[in-house]
Structures are given as C-alpha cells and as structure tokens.
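A.B. asks: Sequence:
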Amino acid sequence: MGRRSSSLLVFISALACVVASLHWSPFGTVLGTTDGNVDVYSCHLEASQKALDQDANYVNGTYTGVRWQCVELARRYLLVNFGVVFGDVDYAFQIFDLDTVVKVADGSNFALNKFVNGGSVRPERGSLLIWDPTGEMGITGHVAVVVDATDSYVDIVEQNVEDTIWPTGQRYSRRLKVKQNSTSYFVEKWYDEEHLLGWATVDLAKPVVLNSTTSTLPSTSVVLSIVGISAAVVFVVLRKRRHDYALMR
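Residue numbers (mature numbering (1 follows the signal peptide of the UniProt record, and there is no 0)): -20 to -1, 1 to 229.
Don't take each hint at face value.
BS3-like cross-link-like pairs, simulated, lysine-lysine; straight-line CA separation at most 25 Å [as the list claims (entries may be wrong)]:
id, residue 1, residue 2
1, LYS159, LYS169
2, LYS169, LYS186
3, LYS94, LYS186
4, LYS94, LYS169
5, LYS83, LYS186
6, LYS83, LYS94
7, LYS94, LYS159
8, LYS157, LYS94
By construction, these hints were calculated from the structure, which means they are not laboratory data.
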C-alpha cells in the first residue's frame, strides 16, 4: 500500500508540473534559449497592461523592437546570429513585403528572398516564417524564426503566441509538421484558423545596391496597415491571448 501511495504521489507531482507548464508565464519571463544564446521571452500581458506601454529593446545600441513582440525576436535573432536587421514595419505580416536587410557593422544591404508556403524551396535556419493577419494571427499577422527544417517538420522560435516555458533541453517554441514531395515543401497549420504566407531568407551572398526610388513597403501594405489599425481600435479589448495589436517596429 505504501508503494502504491508513493507511486501515486510521484504521478500527481509530475502531472502538476505538466499542468503548470501549460499556463502562461508572466511578461518578461525567459521561456527558453536558442541559437546564439538568444533568449525568448513571454509577452503575456495582463488586462491592465498595453503593448505600447512596454519599453523598446536594444542590443549593443541597435534597436530590435518593442518588448517582447514577435517582431522583436525576429530582428534580434538575425542581429545576433547574422549581424543584420530588417527595416521598420508596423505589423509582422509586412516583413513579407521587404526586399532587403541591413548589415549593422557597415550599413550594406543584402537580399531578403521570399518563398511561398508550398513552393519548391524549403526554409533554413534563420528563415522568417510569416503569417498573414487572419484567424489566430488576426490584425497583425505573425513572424517566427526557423531554427531547424527537416523533411517532416520545422522547428521555430517565437514570442507572443503561447508564452509557456519550454521543456528542459528543448531549443524551440513549436514544432510544425511538414508535407513534402519533389516539388513542394508545405508547412501545415498549427491552429485551425491561420494562413502561413511563406518565409523570408537572408542571402548574405547577394549584396544589394539601393537607389532613391526603392521602397521596402508597397502601397498594398500601407492600405492593409490602415485597415488593421482601424480594426485594432475596435477589437483590442476582445482579444485575450495575443497583445500585439498596437504598432510594432
């Protein structure tokens, strides 16, 4: 009987740990650490907190974004691991409209190549997965960073989605299933209502010379931004899980 009681206590203790891990962690909690010793933080805000009230984050004097939005992690990861950053965006989905990144050390520009989900080119370490502003990623869209891509799954790191501490030894936020054949690499849905546009991959072998007419934000995105801002004013108090409604840079 004593042995059974002991086993039951161990089981209950383990179950309690699992249940606890499923709860949101407070804002600013380190959820895990990934490539380049980049920390991933919880962005869970209480009802009384607002995204725009949070401080900006900098790495060695370089702005990475508003703490701890998804865009901030994407920019910080590229800065720490590749020495580059992408330009200002109001919403995460607009990253898919950018064509270049900037090397912080000397200001030179390099190509940011875009690939649609289901195309022939798979993402690689450092690629940015980008969701459009619908469903679970409504209003702002979402961006995550690929830390591993195989024939059957893609591992990503991200901020401002589930905000739970990673299991011991894990180096990624979520593992997304993949369907692949000789002509297609398709990352499957995690949520029922979401749409992954594709991914953007930095090409450090392809320098780009910008001219004065080069635009990193097409007019279509400007229109979507205006629509998104209007929608945010109406729906910001209704959303509980995500808090990146306000302008993100």
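A.B. asks: Check the structure against each numbered hint from earlier and tell me which ones fail, lowest number first.
C.D. replies: When the structure is compared with the hints, only number 2 turns out to be violated.
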